[in-house]
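Chemist: Sequence:
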Amino acid sequence: MTLAWTEPAFNGGADIRGYFVDHRTVKGGVVGKWHEMNHKALTTTSYKAENLKENVFYQFQVRAMNMAGVSKASHPSSAIECKEWTITVPGAPVGLHALEVRDTSAVVLWEPPAFSGRTAVNGYYLDLKLASAGEGGWKAAHEKANKGKYMKVTGLKAGASYVFRVRAQNLAGVGKSSAALGPILSQTRPGTNEIYVDVDDDGVISMLFECSEMKEGSEFVWSKNYKTMSDTSRLTVVTEGSKSRAIFNSPSLEDLGTFSCVVTNTEGFSSSYTLTEEALKRLLDISHDHKFPVIPFKSEMAMDLLEKGCVRFWTQVEKCSSACSVEYVFNDAIITDNKKYTVNFDKSTGIIEMFMDSLEVTDEGTFTFNLVDGKAKGTTSLVLIGDEFRELQKKSEFERAEWVRKQGPHFVEYLGFTVTEECNVLLKCKIGNVKPETEITWSKDKIEIAEDDEDAVKIERQDGHLIFNIGKISKADAGIYDVVLRDERGKDKSNFNLTDAGYQAVMNELFRVIATSSSEIKIVSTEHGIILSSSVTYYNDELRVGWLHKDSKIAASERVKSGVTGEELWLKINEPTEKDKGKYTMDIFDGKDGVKRVFDLSGKAWEEAFEEFQRLKAAAIAERNRARVVGGLPDVVAIQEGKSLNLTGNVWGEPVPEVSWTKNDKELLSDERYQLKFEHGKFASITISSVTTADSGKYALLVKNKYGKEAGEFTVSVYNQEEEEKKG
1 MTLAWTEPAF NGGADIRGYF VDHRTVKGGV VGKWHEMNHK ALTTTSYKAE
51 NLKENVFYQF QVRAMNMAGV SKASHPSSAI ECKEWTITVP GAPVGLHALE
101 VRDTSAVVLW EPPAFSGRTA VNGYYLDLKL ASAGEGGWKA AHEKANKGKY
151 MKVTGLKAGA SYVFRVRAQN LAGVGKSSAA LGPILSQTRP GTNEIYVDVD
201 DDGVISMLFE CSEMKEGSEF VWSKNYKTMS DTSRLTVVTE GSKSRAIFNS
251 PSLEDLGTFS CVVTNTEGFS SSYTLTEEAL KRLLDISHDH KFPVIPFKSE
301 MAMDLLEKGC VRFWTQVEKC SSACSVEYVF NDAIITDNKK YTVNFDKSTG
351 IIEMFMDSLE VTDEGTFTFN LVDGKAKGTT SLVLIGDEFR ELQKKSEFER
401 AEWVRKQGPH FVEYLGFTVT EECNVLLKCK IGNVKPETEI TWSKDKIEIA
451 EDDEDAVKIE RQDGHLIFNI GKISKADAGI YDVVLRDERG KDKSNFNLTD
501 AGYQAVMNEL FRVIATSSSE IKIVSTEHGI ILSSSVTYYN DELRVGWLHK
551 DSKIAASERV KSGVTGEELW LKINEPTEKD KGKYTMDIFD GKDGVKRVFD
601 LSGKAWEEAF EEFQRLKAAA IAERNRARVV GGLPDVVAIQ EGKSLNLTGN
651 VWGEPVPEVS WTKNDKELLS DERYQLKFEH GKFASITISS VTTADSGKYA
701 LLVKNKYGKE AGEFTVSVYN QEEEEKKG
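Per the UniProt record's numbering, the sequence shown starts with residue 1, numbered consecutively.
Worth flagging that the hints you see were computed from the coordinates, not collected in a lab.
Please note: incorrect hints may appear among the correct ones.
Computed cross-link-like contacts, SDA-like style, restricted to lysine to any residue with a CA-CA straight-line distance of at most 25 Å [what the hints assert, rightly or not]:
id, residue 1, residue 2
1, K572, T516
2, K604, R626
3, K395, E307
4, K48, G173
5, K561, Y503
6, K33, V56
7, K583, A556
8, K144, L99
9, K149, V174
10, K579, S552
11, K291, V237
12, K475, T438
13, K298, L382
14, K243, L99
15, K706, E679
16, K677, N646
17, K394, E413
18, K152, V204
19, K561, D541
20, K704, R626
21, K33, N55
22, K617, K709
23, K572, V560
24, K129, L99
25, K493, I449
26, K339, C310
27, K583, R512
28, K663, R624
29, K48, S71
30, K147, T43
31, K227, V107
32, K291, V204
33, K377, L284
34, K428, V412
35, K308, T438
The whole structure should be built from the sequences, with the hints applied where relevant.
Modeler: Following this line, the structure appears as structure tokens:
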């Protein structure tokens, strides 16, 4: 038979260390003598009684033992017949007790039931309820069966008291509940500590637990997964006073699980730590770092090219002690501070430097800084080989040459070009370290520009810059321009190739400035049609300008033409029709994608422009076709009395105008005295056969048609010869 019991309510001031079980027979109401069943104290609260006789009744009693001795026996159990149990489901779990009680959690442990039923127990269910609740207050702590014989219950309410019970399960079903455990007060006792993990400087991983409530006889008892550890090869436990350390001898996946520590002879001080695979990996990484510490670098080794072509290799460590040392290495050879190498280690900033005056062909290879700081080490390297090395060597040589060049008169900025807003092209450079006696020479196509040359007026010097003002560029300006600076300290030369690609680059920039300066398209109506136009700062004959209508290129014709007048780019649409409505785009080449100006000739814009065109066209037609006197008549006619006056006026008009004559604002009619004629629709004549002084006066030839009228006025003065002679 399997027996189970609960711990005594009082432990006598010291933890229970074991139990002794006694038995006796019962026959016909007569009891036998007590016999001890185990000579070695049991550490659990259950025991399998063997070597009993079948169908015999037995009674059992239990005695507890602590450091002070063995207690009195418990009350004898009822008489139990020793025969096979035929119930299919397991019996009730026994030995319920709680560890690691905190404000919101507790770990409940138990022993298997005395009887497992027809099949082995394969799981447990833990229930709980508030101590103050009735039987209806029980609720499950989990859904799936728990395989182990312990469970951590979370989500408890701090300060509340709880009761727990456990049920066992096998293939046949779930058995009866255990005796209730509790009430357990959900409260973290003052002075409670938790197990924490430590990795010391030597990389040793251990778990530590401290208890400030130790009493005489108290011990630290470590277990794994709440079972006494039989394999002591995995952990070494070292206890000093109120601290206990469980040291992992060789941490590995074998050590995964929950480690707990209970302090005996106290009010239940205990804690646990679960070592997961992720936590183990992290601890092993830390252990490795502690065993083999590495000096951390803020940045890996880098190289800078300095003035004069000097080379600086450098790095920076995050932290180091005053004892930190550096070994400088090139291709496995240790470098010392000498003429070729200058080294420096600023321990206050952690910056390590090595300087070289220049990179030579023999400097191809690997540069390394080896650091030692106590037992910590650090290494950083930079490999300079192949194309990368040759490129750096060229740069070093170039920087050296640049430094030498700048010791005399030199170009800070070499000869280049710029295009002003006024579209003037300037060749421009910036000079430095010049003296008043420094000679400056310009030349074009290797021909020096003398002071009396025509191009000399284009040369300027202002604010440390030399300028050659080409102005409005043309193909005649193409060529190679050179500037030379020279004095006793040396010379420097700069040139600009204003041919081929160089010329095109300047033109492209010119085109960009012109295109950017273009105004938005404006519209003007004339008697002939509609003109779209945009003004630019300057126009160059090489500038490409295209016009599009509804995003299609416009082909030139007699009716639609594009062109340039001065700085005005225009598109003329003669005799516009409805087909000419829509979006117009002027595309000006700017050296890249082009600048576009858009005008939508539709809606109100079209209506107003077309209406104005029609008005101007009608006015022009009227002006061209109106009646007018175009010539033939003098302003004044002086004629002797008795002479014949014959005047003819040239007339124009479409349709042919009506013609009439007046004298002193009175209409003249053709008669014997005044012969008035209008011939071929062009010639109107007046003839007076023999004039008298009465014919003197103000005459007018009047012409008129539907487009207008006009008067050709003249004055006739008739004089008497004799009277004139007397006056004379």
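Chemist: Please flag the earlier hints that this structure goes against, numbers listed from lowest up.
Modeler: Numbers 2, 5, 12, 18 and 28, in rising order.
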